[in-house]
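Listed below, chain by chain, are the residues.
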Amino acid sequence: MSDYPLPVSQVIDPSTSASERVTFLEKLHGWVVTVDHKRLGILYILYSTFFLLVAGAEAVMIRIQLAYPHNHVLSAQVFNRFFTMHGTTMVFLVGMPFLFGFANYIVPLQIGARDMAFPRLNAFSFWMTAFGGFLLYYSFLGGAGLYGVGNAPDVGWFAYAPLTARSFSPGHATDYWALALIVSGFGTLGTAINIIATIISMRCKGMTLMRMPLFTWLLLIVSMLTLVTITPLTAAQFMLLIDRYLGGHFFDTQAGGSSLIWIHFFWIFGHPEVYVLVIPAFAIANEIIPVFCRKAIFGYPAMVAASVCIMFVSLSVWAHHMFTVGMTSVSNAFFTLSTMLVGVPTGIKIFNWIATLWGGRIRFTTPMLFCIGFLFQFLIAGLTGIMLSVSPWDWQLHNSYFVIAHFHYVLVGAVVFCIFAGIYYWYPKATGRLMSETLGKWHFWLFAIGFHITFDTMHFLGLLGMPRSIYTYQPDRGWNFLNLVVSVGGLIQGIAVLIFAYNFIVSYWRGEVAGDDPWDAWTLEWTTSSPPPVYNFEEEPEVHSRRPLWDLKHPGDPDWEYES
Amino acid sequence: MQTRHAQCLIRRSSASAWLLLTSPMLIAQGTTPSTLAPASTPAHQIFDLSVFVVAITGGIFLVVGGLLAVVLFRFRARKTDPLGEPAQIYGSTQIELAWTVIPVLIVVVLFLTTARIIFAIQDAQKPKTALDVTVIGHQFWWEFRYPKYGVVTANELHIPVSSDAAPAATFLKLTSADVNHSFWIPQLAGKTDLIANHANTMWMDPQKPGLYLGQCAQFCGSQHAMMLLSVYVDTPEQFDTWIKNQQQPAQQDPAVVAGRKVFEGQACMNCHTVSGTAATGRFGPDLSHLMSRATLASGAMDNTPANLRQWIKSPDTFKRGALMPAMQLNDEQLDQVTAYLETLK
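For the record, the sequence lines run as chains A and B. Take the first sequence: its position 309, counted from the start at 1, is 309 in the numbering used here, and no numbers get skipped. Take the second sequence: its position 241, counted from the start at 1, is 1241 in the numbering used here, and no numbers get skipped.
Don't read these hints as lab results, they were simulated from the structure. A hint or two may mislead.
Reference excerpt, derived from the structure (chain A facing chain B, CB under 10 Å, subset only) [as the list claims (entries may be wrong)]:
1. T253
2. G256
3. I263
4. W395
5. H554
Glycine is no exception: its CB is placed at the ideal position from the N, C-alpha and C atoms.
Build out the structure end to end from the sequences listed, making use of the hints.
This is the structure:
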């Protein structure tokens, strides 16, 4: 291949050839059959943005229903479907595809590679993931079984057995849920393998492991963690389907099965899954914070070590979701300790980010604002996490709105904030145009204000004894006013996300032209054009430090003289 | 001097943690099932532990959050900044070691304090005088059985108050007839799940008589939200009176024999028990002393004749998805069966 002077691009990427007119169908066909990591990355991002809007709409409906006690906007059944679908969608169709979208687009560019290690596996994985998502949503149409039973999954996103048994969940809604997660799970595993292979074997000349950008490092870690966590979930889904259709008794308590087996399987997947979602958020913050405070990341080796440490510790904390199922006091104490220990490497990360900011010159652009929001919110989420790890207190807080508040602080306050930061940051690289800063700031401030109105208040609802997953509540419990506040905050976030969607679409045509390196950044993706050509780099880059563009921009004071 | 200063600091931060925690109580009402108004030993121990944890985490928040705010303000980009980039600092082993060791020490303190409370609550010895109650979760109601007294009731648990002079702990054995549920009365104790094939235990010793509210805390199906729970903490005299009444066989009032015939002639008796009659079903709540309860359908509505009649006519009105079917009774039968149930005091 390398013998050719790369005329290949014109054949593969029809949009660059002005001489031939390309019909819409040909263009569409090009996107469907593409194996280009950048196009697949964009497909992932568009796919998850679409489902972000869907799940957001579900959340808004949930909050409208809960704005007043004894409200009747949604029936109990529809409410249960909506919160199940909201949770499942946000975790499997929004969080993970976003992270794989970023990984697909950015990792090969950051390590100076031409594409992912297995481009066709990449396309296969994306379409499996996409098929899983649409299969899940098809349940709204096709899930109806017996008369009057649910037409979408309504068993909660963690679907505790035996509620999922056929005797309690007739019809096919639960089957759609299980099958959709199996199918998208295979897509996830494929991508995880692909990212690991790419990072291990496709780095450009000079890029040793300890010279990789932290974004790439963290995605390597997250992909390894994904391999370990998705597997038990897929196994549990198969067991569930065997129970439902082949007369298995894994979770059938009437026939000697155990509900606890499902709960263990689910959280052995479910807790590391939180880190699968949040480590990419760290990864994005690790890129953006240094660039916008104009300093190298503080303590790079410690950041890598802390992330690896989080990966291992996160595999030993799952039963902190199970403090109320009746484990022995020794088990409760063990999982209290292991959960608290996660706070140590996480604390190191927060301190290192603050030290990075120290002495910098902080530019408050939209991506940076989202990262700053992330820092504050992740600090609070970490501290409420410590509170929940205190198992006696968890006996009170478990399954209350306090837990809802805590994990939305992690999954929205940290993960979604960083996803937005990443989109504002890399949008110019992918499209060649910047997103509007004015709209971006409106988006940030409205979203942050709405976020805090909603989720700060939820903590207090939990302390006042409001359990999760209830479609309505009694007016005499003292929860009325706080619930109204939560709902108002939810609507504000909804408006903010609509502003984002508008900005995201319109900037594609009307945004300011970005140039190769609009943020004056330091990693390899900013050396190539925006958007990058199909082959990424005209010649294979060679790096001598963690910040190759810093070395180029400051030849008299290059990084490699200081890095250990 | 320094230790006294430190003690003073701990006391003050605990006080502010206490204030921070209890401030939402300002909007709470008497009926709020608040974790912040504990009324039983386990709930008290948990609350005291939570004050300690909030003091420590609140301190961390003030230090780290304050530092972050200062950094953002002090190092913001300014027009007067000199050209070029700020000094690049790549790390510092000493500093990084310090902020690794300090969190480890905090974790040790938190863990030891927590472990003490875990063992104190979970491994507490059951006193010989303790009252045993078996709690069975159903979709979507609670069954309470008092094995020592031969009493079975539903949805409204009665337990005796505990005092220093006459300590009276109640030990619950929890299990489920179908899916998972969770027993939660925030003012009395933390929650414990009810899982079929897996008996759990929890205990409480409420110190003040009164009504304590809670509800199922583990999603259990369509009417999970209407699986409400009341616990009446009675004085010893009230409790004895209540038990004696529950131990009586159901009233057999000849005036409502027509209603009883409807009850026993329809499928009602397949699911409900009325003691002393042919009705011995166990899928639904025991109705022997239905009128001694303040609510119907696990708290979904007040126990009034009109509500009772509507509930029998069409359970969907109040609790769509409840497993009780509408029996398609005509108006006369409805009146009769309601009148019969109204006599079950």
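Against the structure, the hints:
1. T253: 4 Å, holds
2. G256: Check passed: Cβ of G256/A comes within 7 Å of chain B, closer than 10 Å.
3. I263: 8 Å, holds
4. W395: 2 Å, holds
5. H554: 8 Å, holds
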